[in-house]
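**Student:** Protein chains in written order, with my numbering: chain A, 52 to 319; chain B, 4 to 329.
Certain hints may be false.
The list that follows gives simulated cross-link-like pairs (lysine to any residue, SDA-like), each with its CA atoms no further than 25 Å apart [to be verified]:
hint: 1; chain 1: B; residue 1: LYS147; chain 2: B; residue 2: GLU81
hint: 2; chain 1: B; residue 1: LYS144; chain 2: B; residue 2: ASP99
hint: 3; chain 1: A; residue 1: LYS319; chain 2: B; residue 2: ARG29
hint: 4; chain 1: A; residue 1: LYS53; chain 2: B; residue 2: GLU93
hint: 5; chain 1: A; residue 1: LYS127; chain 2: A; residue 2: LEU72
hint: 6; chain 1: A; residue 1: LYS319; chain 2: B; residue 2: ALA72
hint: 7; chain 1: A; residue 1: LYS200; chain 2: B; residue 2: GLU93
hint: 8; chain 1: A; residue 1: LYS99; chain 2: A; residue 2: PRO225
hint: 9; chain 1: A; residue 1: LYS127; chain 2: B; residue 2: ALA72
hint: 10; chain 1: B; residue 1: LYS147; chain 2: A; residue 2: GLU128
hint: 11; chain 1: B; residue 1: LYS147; chain 2: A; residue 2: VAL129
hint: 12; chain 1: A; residue 1: LYS200; chain 2: A; residue 2: HIS240
hint: 13; chain 1: A; residue 1: LYS53; chain 2: B; residue 2: ARG29
hint: 14; chain 1: A; residue 1: LYS53; chain 2: B; residue 2: ALA72
hint: 15; chain 1: A; residue 1: LYS53; chain 2: B; residue 2: GLY118
hint: 16; chain 1: A; residue 1: LYS200; chain 2: B; residue 2: GLY267
hint: 17; chain 1: A; residue 1: LYS99; chain 2: A; residue 2: THR224
hint: 18; chain 1: B; residue 1: LYS144; chain 2: A; residue 2: ARG64
hint: 19; chain 1: B; residue 1: LYS25; chain 2: A; residue 2: PRO192
hint: 20; chain 1: A; residue 1: LYS70; chain 2: A; residue 2: LYS99
hint: 21; chain 1: A; residue 1: LYS70; chain 2: A; residue 2: TYR143
hint: 22; chain 1: A; residue 1: LYS319; chain 2: B; residue 2: GLY118
hint: 23; chain 1: A; residue 1: LYS70; chain 2: B; residue 2: ARG29
hint: 24; chain 1: A; residue 1: LYS319; chain 2: B; residue 2: PHE66
hint: 25; chain 1: B; residue 1: LYS25; chain 2: B; residue 2: GLY51
hint: 26; chain 1: A; residue 1: LYS319; chain 2: B; residue 2: ARG71
hint: 27; chain 1: A; residue 1: LYS200; chain 2: A; residue 2: LEU300
hint: 28; chain 1: B; residue 1: LYS144; chain 2: A; residue 2: ARG68
hint: 29; chain 1: A; residue 1: LYS70; chain 2: A; residue 2: LYS53
hint: 30; chain 1: A; residue 1: LYS127; chain 2: A; residue 2: PRO225
FYI, nobody ran anything at the bench for these hints, they're computed from the structure. Fair warning: this is a prediction, and the values are worked out from it, not measured in the lab.
Chain by chain, the residues run as shown.
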Amino acid sequence: MKATAQIAINVFRESVRDKVLYNLVLFAILLIGASYLLGQLTAGQDVKIIKDLGLSATSLFGVFIAVFIGIGLVSKEVERRSIYALLPKPIYRYQLVLGKYVGLLLTLAINVAVMAVALYAVLLYVSSGVPEIVRRGWDAPALDPALLKAIGLILVELMLITAIALFFSTFSTPILSAAFTFGLFIAGHFSADLRNFDQVVDSPSAVRLARGLYWVLPNLAQFDVKAQVVHGQPVSLGYMALASGYAALYIAMLLAVAMYVFSRRDFK
Amino acid sequence: MSTPALATFDLTKDFSIGFWRKRPYRALDRLTLEITAGEVFGLLGPNGAGKTTTLKLLMQLIFPTSGRAELLGRPLGELSVKRRIGYLPENPYFYDYLTAEELLTYFAGLFGYTGREGRTRASRLLDQVGIGAERRLQLRKFSKGMLQRVGIAQAIINDPELVIFDEPMSGLDPLGRRDVRALVLQLRDRGCTVLFSSHVLGDAEALCSRVAILARGRLIADGSLSDMLAFKARGWELVVAGIDERSVPVAGSRVRRIVQIGYGRYAFELPLEPPPEQLMAELTAAGAHLVSLNPIRESLEDFFIEHVTAPDVTSIRREVAGESRP
Ligand SMILES: Nc1ncnc2c1ncn2[C@@H]1O[C@H](COP(=O)(O)OP(=O)(O)OP(=O)(O)O)[C@@H](O)[C@H]1O
Ligand SMILES: [Mg+2]
Numbered sequence: 052m053k054a055t056a057q058i059a060i061n062v063f064r065e066s067v068r069d070k071v072l073y074n075l076v077l078f079a080i081l082l083i084g085a086s087y088l089l090g091q092l093t094a095g096q097d098v099k100i101i102k103d104l105g106l107s108a109t110s111l112f113g114v115f116i117a118v119f120i121g122i123g124l125v126s127k128e129v130e131r132r133s134i135y136a137l138l139p140k141p142i143y144r145y146q147l148v149l150g151k152y153v154g155l156l157l158t159l160a161i162n163v164a165v166m167a168v169a170l171y172a173v174l175l176y177v178s179s180g181v182p183e184i185v186r187r188g189w190d191a192p193a194l195d196p197a198l199l200k201a202i203g204l205i206l207v208e209l210m211l212i213t214a215i216a217l218f219f220s221t222f223s224t225p226i227l228s229a230a231f232t233f234g235l236f237i238a239g240h241f242s243a244d245l246r247n248f249d250q251v252v253d254s255p256s257a258v259r260l261a262r263g264l265y266w267v268l269p270n271l272a273q274f275d276v277k278a279q280v281v282h283g284q285p286v287s288l289g290y291m292a293l294a295s296g297y298a299a300l301y302i303a304m305l306l307a308v309a310m311y312v313f314s315r316r317d318f319k
Numbered sequence: 004m005s006t007p008a009l010a011t012f013d014l015t016k017d018f019s020i021g022f023w024r025k026r027p028y029r030a031l032d033r034l035t036l037e038i039t040a041g042e043v044f045g046l047l048g049p050n051g052a053g054k055t056t057t058l059k060l061l062m063q064l065i066f067p068t069s070g071r072a073e074l075l076g077r078p079l080g081e082l083s084v085k086r087r088i089g090y091l092p093e094n095p096y097f098y099d100y101l102t103a104e105e106l107l108t109y110f111a112g113l114f115g116y117t118g119r120e121g122r123t124r125a126s127r128l129l130d131q132v133g134i135g136a137e138r139r140l141q142l143r144k145f146s147k148g149m150l151q152r153v154g155i156a157q158a159i160i161n162d163p164e165l166v167i168f169d170e171p172m173s174g175l176d177p178l179g180r181r182d183v184r185a186l187v188l189q190l191r192d193r194g195c196t197v198l199f200s201s202h203v204l205g206d207a208e209a210l211c212s213r214v215a216i217l218a219r220g221r222l223i224a225d226g227s228l229s230d231m232l233a234f235k236a237r238g239w240e241l242v243v244a245g246i247d248e249r250s251v252p253v254a255g256s257r258v259r260r261i262v263q264i265g266y267g268r269y270a271f272e273l274p275l276e277p278p279p280e281q282l283m284a285e286l287t288a289a290g291a292h293l294v295s296l297n298p299i300r301e302s303l304e305d306f307f308i309e310h311v312t313a314p315d316v317t318s319i320r321r322e323v324a325g326e327s328r329p
């Protein structure tokens, strides 16, 4: 277990020294900051747009980080042959996969936290000048703690996407892994539509295929509660728990397969 | 002490090659080998012989098609065994973003040497392989030979009982080679078993108690150097000067080879029998004077050439000898 932690820490060190990460985080924070300008344009009516943009930026850049770092985690070790020195150390191969995953989660969690702080900072700044009367008309307070629910589910989704990226990268090239992961990311956001495919198409075989895909593809839309949170509608803890449980199960399956594939692989 | 440090049993590896129609390519063919604890063992062979394949199989970087192997008396893959082993990959490469110091500290940590102990070990080993202030540089800025040194350091960071080096001398300058030779002997004196691959035969001759020679995936010889090479004269090399070309055929069929070294200066390679005196007398009579007469002893290189690449190498030599004729 100790070895897994050490590998994870090394991944974290690798990613904080990666310029790509800084660029992505910087860009995300800029975007959150820029949402302030948009908020100005709509004459301080509401902070909805800032919240919406801020959450979207957090999620989008999180996905970029998860995919671009996630696909390289294992494949870079193989490509650059550093794995030849690492695997003979007293570790099991599965620990390498697990350590890489945990390390990237650590990176992601910190990044999401930074972006969340940036979002709250912008919200605080924007709302501080707004009179009490106006604020009372808003659907939700500016510094709404419910935002954390949306951010939490974004993090859960990122965990799942990281697992997908890692899964592909244990047996495929970085470019293919990125393509597959983004493909699944997009498909995953529409997979809920597949359930109601029979209302659109008659062909029974197409419907069966759609049903099959619905069960196999990750359902990512459920992690998106931005709209509810921004409009001050409640998101129950039960819902959050269910979504997280679904993600945990999916992640466990992906990691299990990734570990199995990786343990049997020849590093020629 | 009776369990061997390393043993392979019919170890075989097929790679599949070909893009469209995959077909197996046998890189290692039923290798059975045993290395006694405490010895320095050389795995020799020309390029593509299967040396790296063998070592990677032992490290479980690749898995055998058939056959098996044991390290320190245990089947491969057990952590308790991995803890007692060191490995230097061929042309090692590490993480760009780490410094040499960080890399070694990281690897020391994987062996359970954490905190201060890990850092002490890291810096002691870097001293040992001659990496000075550069240890604070990121590894992306390291030269090939410096990386090789770091590779050697990481291979012995756990004071292993068995070290496996894949071409330890590769990329090193003469000083580095000398250091590695000294290090291997030092490891041996500490009781560590050393297996290394090389195609530099001089290294094997200087270091190994036993060697194995691979060619085209097959073991073609293995044993102690003194058994393998009859360290006795197997012929004579006679060098004479001052004869003109027309007298050379005097030597006739009694010589194995004639090489012209310079103008009027020839080297004759003679078999052990008959004794060289007769030919010497005839050549002297033709106006030659003797430069040297030396016994030819079999070296590892001869052995190697004889067993591995005999036809190609002799033909190259003949061409060279032919060209130098005026
Ligand atoms: N991944 C691979 N796919 C197909 N063939 C391979 C692969 N790796 C090695 N081989 C083949 O296996 C044979 C043995 O290769 P190996 O790397 O073990 O040689 P070597 O003895 O280490 O040579 P060198 O002295 O050049 O390092 C070679 O013919 C090589 O072409
Ligand atoms: Mg090799």
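**Student:** A separate judgement is required for each hint: does it hold in the structure or not?
**Tutor:** Status of each hint after checking the structure:
| no. | hint | verdict |
| --- | --- | --- |
| 1 | LYS147/B / GLU81/B | violated (32 Å) |
| 2 | LYS144/B / ASP99/B | holds (8 Å) |
| 3 | LYS319/A / ARG29/B | holds (14 Å) |
| 4 | LYS53/A / GLU93/B | violated (28 Å) |
| 5 | LYS127/A / LEU72/A | holds (16 Å) |
| 6 | LYS319/A / ALA72/B | holds (18 Å) |
| 7 | LYS200/A / GLU93/B | violated (50 Å) |
| 8 | LYS99/A / PRO225/A | violated (38 Å) |
| 9 | LYS127/A / ALA72/B | violated (29 Å) |
| 10 | LYS147/B / GLU128/A | holds (18 Å) |
| 11 | LYS147/B / VAL129/A | holds (19 Å) |
| 12 | LYS200/A / HIS240/A | holds (19 Å) |
| 13 | LYS53/A / ARG29/B | violated (39 Å) |
| 14 | LYS53/A / ALA72/B | violated (28 Å) |
| 15 | LYS53/A / GLY118/B | holds (13 Å) |
| 16 | LYS200/A / GLY267/B | violated (95 Å) |
| 17 | LYS99/A / THR224/A | violated (41 Å) |
| 18 | LYS144/B / ARG64/A | holds (18 Å) |
| 19 | LYS25/B / PRO192/A | violated (65 Å) |
| 20 | LYS70/A / LYS99/A | violated (32 Å) |
| 21 | LYS70/A / TYR143/A | violated (30 Å) |
| 22 | LYS319/A / GLY118/B | violated (34 Å) |
| 23 | LYS70/A / ARG29/B | violated (43 Å) |
| 24 | LYS319/A / PHE66/B | holds (10 Å) |
| 25 | LYS25/B / GLY51/B | holds (20 Å) |
| 26 | LYS319/A / ARG71/B | holds (18 Å) |
| 27 | LYS200/A / LEU300/A | holds (20 Å) |
| 28 | LYS144/B / ARG68/A | holds (15 Å) |
| 29 | LYS70/A / LYS53/A | violated (28 Å) |
| 30 | LYS127/A / PRO225/A | holds (8 Å) |
In the structure shown, a violation is registered for the earlier hints numbered 1, 4, 7, 8, 9, 13, 14, 16, 17, 19, 20, 21, 22, 23, 29, in ascending order.
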